[in-house]
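One-letter residues, chain by chain:
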Amino acid sequence: MALKRRNLIISVFALAATAALLLWRPTVLIYGLQAAGLYAAIAIPMGLVLGIVHIVNLAHGEFMMLASYATYFTCKALGMDPLIAIVPTAIVTAIFGWIIFQLTIRRALKAPELNQLILTFGIAIVFSQAINLVFTSQTYKMPLDYVSASMDIGELTFGIWSFVFVAAAILFAGGLNFFLKRTTTGKAALAVGQNPKGAAIVGIDVYRTYGLVFALAIALVGAMGALFLTKSAIFPTVGSPFTMKSFCLVAMAGVGNIPGILSASVLLGLTENFLRAFRGSREWADIVFFVLIIVVIMSRSLKGRKS
Amino acid sequence: MKRFVLAIAAIALVVSGVAAQGTIKIGGIWTLADITGKQGSAAAQLAVDEINAAGGISGKTLQLIVVDDEGKADKAAAAVEKLATVDKVDVFVGGMASGAELGKIPSFKKYNKVVMSTGAAGSATVEKALGPSPESDFYFHLHPWDYNQGASYAEGWDAIQKKYPNVQIKKIFLAYEEGAFGKSSWDSTKILFGADKRYTIDGAPFKSALLGGGDYTAVLEAAKAFKPDLFLWAGYDADALPLLEQSKAMKFSPGIYLGAPPGWPIGFGSSRLANNVMLYGMWSTAMNDTNAQSKKFYDAYVKRYREEPATYFALLAYDAVKILANGIKAAGTTETAALVKALEATSYASALGETITFKPSNVIKHQGITRQKILQWQGGLQEVIWPFEAATAAPVYPFPAWK
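Respectively, the protein sequence lines represent chains E and Z.
Numbered per this note's numbering, the first sequence spans residues 31 to 337.
Numbered per this note's numbering, the second sequence spans residues 17 to 419.
Okay, chain E solo, but in the shape it has when bound (with noise of 0.2 Å):
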């Protein structure tokens, strides 16, 4: 009773919140929701992977570069939009994200925690440095003339592209969320994640289970490069601030919450360009998240103690 009635308040608190920015300043909630999909859309495939293999990907960043790469260099080849390419990609960068998993990451699963963060730590050093020996640090965009779609209400005017990313996040949400509950490969992925040796017993083959989740992981990394690259130039150390920013997501929204990351995305994309909306408080915008994830994890921490 008491959970309904405080959610009930969080709620109206929300809607009061979000009504008077749309009122007040409405490219803040516009622009916010925009990056907030972009973030979500890149967090979650990491918080399927730490919900699941319980391990921290620290290449996630430089896969989705990698995904991108790939995608410039095919469609400028073929002539092909990147929006035709998102499937393929996803493809492959699923295929080469699961033959990663087995040649390296499979072997680490035992490993003590620091050891997996410096192998994927590794691995990301190793992707953007061969990009950047083969490719040099020069920038590539592709210039695409709907990335500039707009609309008009009234006296403002608002890109409207972005919001790909937000329908990017819900559908690998809602998706994720079906497959994890839905079907027999989910709910033994699931069930892998609760308790591998449970699962084991029961026959699921745990490191099979694992392999396909992170391969499926990479595969929606893999189809956001193909998608990023409409927005943004790629270079070989584009995808590593994705790393940092979706970690912190996965963490303040808590491990296998995916829903929770849309929220806490939303959150950070709201605020970071709330600040930016202000002369004062533009260049706050990047501490205010690290903050953001200090409450939460801590206020976090003092319920768990309480309770």
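Simulated from the structure, these hints should not be mistaken for lab results.
Among these hints, one or two may not hold up.
As the list claims (entries may be wrong) - Capping the alpha-carbon separation at 25 Å, the derived lysine-lysine pairs in DSS-like fashion look like this:
#1 Lys217/E - Lys227/E
#2 Lys106/E - Lys129/Z
#3 Lys129/Z - Lys357/Z
#4 Lys106/E - Lys264/Z
What the hints assert, rightly or not - Over 10 Å on every C-beta distance to chain E, these chain Z residues come out as not near it, computed from the model:
#5 Ile176
#6 Lys178
#7 Lys179
#8 Lys206
#9 Val235
#10 Gly271
#11 Leu289
None of the values given here were measured: they were computed from a predicted structure.
All residues carry an ideal CB built from backbone N, CA and C; glycine is no exception.
For chain E, the structure is supplied; the task is to place chain Z on it using the hints.
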């Protein structure tokens, strides 16, 4: 057996001594993962090969030994040490980022060999570290300092407004990346354009895509509200096209849309959005039609490397080697005092479209180029707008409204 080994060693020593006597070694330091360093070192090698093919310098051949500084000050300092002590180079060439250049200065001073620097605009760091004459006389700085650049932009815009009365600039907005490069651009813009109150200046920072940003909506909102005649952004190549795309999405079209990144992304000119964007620089392929030196360099570079020089840093490196070679030839030695004296008499017709001579800057004694150019993307090419003597096209003004 012992005698035989000793004899072989003695012969080897004599042979290597003779070979070394016939070679002038140039130590080149660039960031090779960066396009400016990759192409700069390639252009320097092209210059070395051309000189050697023409008989070298007084019967001696040039040898370029390149070390990668990885864009880091510590690696750059180590590169100087290695080139000076292991390779025993006679002179140094190269450089781009001020941070890496700063790391080299103490070692440069220690070895006191002539340096022909192709980069480093940061006067507050590099020029300050070099110090005044005579302690920095070994250092020849080809690239303009940041205050040279700023002064030439102010001069350029005054000249353009005078020649084209329809170009009216009263309000300037600077969108600057929040790192050191952007902030120093903001500080110098305020001083250069805002000091005498002729212009109203405003600005806002943004996080460059290169540093994990890439969302320009807030800075563009601020710029749009300010209604500038000249919108200038100081960021990196990764920001160029996304910034334009977001400007179009927000229907932000100021009278002049100008970008000042150190380099432009590959294929930028092929984007329809790029048309009529202005930029600061030193060289463009359009100059091949008006400048024989430029065409000669361009043709040789493309023939050799099967790619276009993407930035003016390739030409600076090429010129640096040629100027050094001319100086060594005139001095008849690489000994520092004599070579410095010979280089002080330099008058070199550069592929960049100007004659390079060395004059004192605010601090050092040997400053080469002081003026940059104002260019504009027109039909996929960078056309020179100013200085008028190097112009390849008239400016398109105002920047057309987005359709």
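Now for the hints, and whether the structure bears them out:
Between Lys217/E and Lys227/E the alpha-carbon distance is near 15 Å, which keeps this suggested pair within the 25 Å criterion. Of the supplied pair hints, the one linking Lys106/E and Lys129/Z is violated, its CA atoms being roughly 47 Å apart against a limit of 25 Å. For the suggested pair Lys129/Z and Lys357/Z, the alpha carbons sit about 13 Å apart, so the restraint of at most 25 Å is met. Distance check on the hinted pair: Lys106/E and Lys264/Z sit about 24 Å apart at the alpha-carbon level, within 25 Å; holds.
Look at Ile176/Z: its CB is around 28 Å from the nearest CB on chain E, clear of 10 Å, so calling it non-interface holds up. Lys178/Z, annotated as away from the interface, keeps every beta carbon of chain E farther than 10 Å; the closest lies near 34 Å. No beta-carbon of chain E comes within 10 Å of the beta-carbon of Lys179/Z; the shortest separation is about 32 Å. At roughly 15 Å from the closest C-beta of chain E, the C-beta of Lys206/Z stays outside 10 Å, upholding its exclusion from the interface.
For Val235/Z, the requirement that its beta carbon stay farther than 10 Å from each beta carbon of chain E is not met, with the minimum near 8 Å. For Gly271/Z, the requirement that its beta carbon stay farther than 10 Å from each beta carbon of chain E is met, with the minimum near 18 Å. Some Cβ of chain E comes within 10 Å of the Cβ of Leu289/Z; the nearest lies about 7 Å off, and the non-interface call is violated.
The earlier numbered hints that this structure contradicts are 2, 9 and 11.
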